[in-house]
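Hey, can you work out the whole structure from these sequences and the hints?
What follows is each chain in one-letter form.
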Amino acid sequence: MVSASSVGYYLFHPQELRSIIQWKVWHNPVHERDETKESETLQRCFHFLDLTSRSFSAVIKELHPDLLVPVALFYLVLRGLDTIEDDMTIPLEKKEPILRNFQDLLEKDGWTFTENGPNEKDRQLLVEFNVVIEEFKKIKPEYKVIIKDITKRMGNGMADYANNAEHNINGVNTIKDYELYCHYVAGLVGEGCTRLFVEAGLANPVLLKRPELMESMGQFLQQVNIIRDIKEDIDDKRRFWPKEIWSKHVAKFEDLFEPENKEKALACSSEMILTCLNRADDCLYYLAGLKEQSVFNFCAIPQSMAIATLDVCFQNHDIFKKNVKITKGQACQLMLESSQNLKLVCDVFQRFTRSIHKKNNPHDPNFLKISIACGKIEQFIESIFPSQKKPEGAAGVPVMTAEEAAKKKAEEQEAKWDMIYMIMAVVITLVVITSSMLFVAWLAGARFDLAFGQAKQQLGELFGSGSDAKNTIAPSSDHSEL
Amino acid sequence: MSLTKVLVTGGTGFLGSEIVKALLEEKTFEVTVVDINPPSLGTGSFSTVRYVRANIMSPSDLHEVFQEAKPAFVIHTVGVYPLGPKRYKREGSDPVFAINVEGTRNIVEASKECGARGLVFTSSVTVLFDEMGMDFRNADETWPTGRLQTAYGESKAEAEKLVLSANTSDFKTCALRAAPILGPNDVATTAALYRCINRGETPFIIGDGTNLFDFVYVSNVADAHVLAVQNLFMSGAAAGEAFFITNGEPVVFRDFCLAVWKEFDHYPPFQITIPTRLGWWLGWGVEWASWLTGREGTFCRGAILDATDTRYVSISKARRILRYEPKVKLSEAVRISCQHFKEQLKAQAKR
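As they're listed, the protein sequences go chains Z and H.
With the first sequence counted from 1, adding 68 to any position gets you our numbering.
With the second sequence counted from 1, adding 31 to any position gets you our numbering.
Read the hints as simulated data drawn from the structure, not as lab findings.
Take these hints with a grain of salt, some might be off.
Said to hold, decoys possible - Between beta-carbon pairs, the in silico distance windows are:
1. Z:Met492 x H:Asp125: 30 to 36 Å
2. H:Gln379 x Z:Ala483: 51 to 57 Å
3. H:Ala268 x Z:Arg168: 47 to 53 Å
4. H:Phe301 x Z:Lys330: 20 to 26 Å
5. Z:Asn409 x H:Ser347: 44 to 50 Å
Claimed, not checked - Among the chain Z residues that face chain H by a calculated CB cut under 7 Å, a handful are:
6. Leu173
7. Pro430
8. Pro433
9. Ser451
10. Ile452
For glycine and all other residues, C-beta sits at the position ideal for the given N, C-alpha and C.
Here's what the structure looks like:
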């Protein structure tokens, strides 16, 4: 189960190993689902959730009890829709009406779909879709309205793309098309989730008034996936990188994968990453609007993973050769850091932003723009968590003019000379008094030569070496005590 | 509808002429320009604008001009900005104070005398930033000024105070604190960085090279002035207030330099990182060397600190009250400014 290479890796990255252990051993879910109270069909739904989603099922299952089932069903419904859209073995005439009416099928008792191709990995979900419909009936009508609305809009968006022959042959054309595609498959999910959170009273309703924030949440995740999966997608004959971007760097999309075009491919990936990075501050802003811990974790963990993935993809030519991923250890560390508070998530964003900034290459055509995008994230984080206190007290201090400054300088100069004169006066006085006293003593017949000799001797006794000096001093001190 | 009369001091200068252009584009202003210089080649003049030559140090000149023009609003852009190492010294700063402070006092007096309704003053981010060795992260207008160490910063702070304290309900004033401005013909930003190339100064990174810095494109500053005039004219919410005006795109200082050099197809051949402390001593040494040789370099202690400190502000107040939005993005601004400079160099080479 544990490969030799990963043993080697963690031997040299004990910090990451520690994160894995910490997460597995010490992480307590905010809320735990109670399987004993669940119906058989709901248990089956959770079984499908585990099967269909690797990254999301863990965070969904820790959600607040009010949201647990609605969000899980929301996920399964969209997964079902996606499985139909993805399947190229279903003819368009059959596919389109299902995509466009999926929201109504959700209320059709016992509806299942068995015509997916045998290779479609999530086909079993649709084969037993009746369990999802069964549970969907039981949730609050307010939630149903939201899920149906998003399903309808997403299904129609997907149907439009499926109908668009040009899109099927050439992939995404403009950046606008690219963002529209991401809107259908991810931006709408952001909107749906936000409406569910607000409905449950677990997020700030203001989030609904700033639709660009929830849009960015979805866009950021989706765009990172599209950047990371470039190799996988081209192998499956899919293209999501917009022509508007890649055509600036290479003539044909396939040229990106030629080894001799390494520099151009990197420049192209940088531009994709730049487009994505410009959304990062919106995501942090959005996270600030969440009230409940499990909802925060649900939203923050994927975002942290996304910025970390963006960092590994930046200036990394491997994305054109293989699937680049963050390590399991890093993922666990990110989960630890993203399941606490906004400050720690901001630290994560700052860390990866700085790493991206460090790798930014002056030869890259978007060098300055990437640097500015990094600066924007730094400024945003600074605006919600200031690292510096405003200096105090100086506002009242009057500004000095040149004359005042000159005056002050002159005063200081004057003070300095005053001090010098004073010291000189004291020194001169002392010298005069001392020398006149000595002169008087000399006149009176003082023998300075003898005095000097004696002084020298006594000093020698005081500081001189050997115990003699000590002994001579000791009795004298005894004597003085008598 | 009659046009609102606006008088622009320094209207033939780098920023002034751009403000005149922005005012004319609104088509609601009648513009008089007062400047010590006639419109120079390259800055362009406008046929509908009246140009008057006057020295702002002469109150009597100003009195005459203002009485004649009878402006409703005055935009005061005149200021001296010592270039190079002089910027960081106090010696020889008398003309700086004279023009920046006394000149401003004269303009305020003349404006009030002629019955103008308001005055917009071009201030500078240095009223906050010229406290050398101090970092400023996302500072806003509530941060205290007056802790300054350069003649320029001090003189601008004093002038700004003078203008804002003159604000009354009949005579509304505001100050726009612009970040270092770049644009065609700018002298302090593009040209200064260009000179580093030939001096071989580009490989040296002082400090850790991650400090963020603000800049602003000249037409964005001009837009802010027009918005300020309109605000004083209409709601007056800006009266008595100071605003930071930047491009709102703080960028790592080193990256900005690299981006400018890149426009001249220059990439530092190698990079050497010098710790800030060492850089300070080097600057000190170079100052002595240039004193001995009488030549001036880009390097000096002030410039070192200017290049290694973090200095960026929030422009949300200007966005909120003035509805200011920087139209020309920084990447575009660098391209335009350098392109213009390159053409000038080419023209010079031909001559």
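Each hint tested on the structure:
1. In this structure the supplied range 30 to 36 Å holds for methionine 492 of chain Z paired with aspartate 125 of chain H, their Cβ-Cβ distance being about 35 Å.
2. Distance hint for glutamine 379 of chain H and alanine 483 of chain Z: a CB-CB separation of about 53 Å, consistent with the stated range 51 to 57 Å.
3. Taken as a hint, the range 47 to 53 Å holds for the pair alanine 268 of chain H and arginine 168 of chain Z, whose Cβ atoms sit roughly 51 Å apart.
4. Evaluation of the 20 to 26 Å hint for phenylalanine 301 of chain H and lysine 330 of chain Z yields a pass: the beta carbon distance comes to about 22 Å.
5. Taken as a hint, the range 44 to 50 Å is violated for the pair asparagine 409 of chain Z and serine 347 of chain H, whose Cβ atoms sit roughly 24 Å apart.
6. Annotation: leucine 173 of chain Z was flagged as interfacial toward chain H, and the flag is violated, the nearest CB pair being 46 Å apart, outside 7 Å.
7. Because the closest C-beta pair between proline 430 of chain Z and chain H is about 5 Å apart, less than 7 Å, the hint holds.
8. The criterion of a C-beta within 7 Å of any C-beta in chain H is not met by proline 433 of chain Z, whose closest approach is roughly 10 Å, and the hint is violated.
9. Here the hint on serine 451 of chain Z is kept, as its CB sits about 6 Å from the closest CB of chain H, short of 7 Å.
10. A distance limit of 7 Å between C-beta atoms decides the matter here; for isoleucine 452 of chain Z the minimum to chain H is near 10 Å, and the interface restraint is violated.
Checked against the numbered hints given earlier, the structure breaks hints 5, 6, 8 and 10 and satisfies all the rest.
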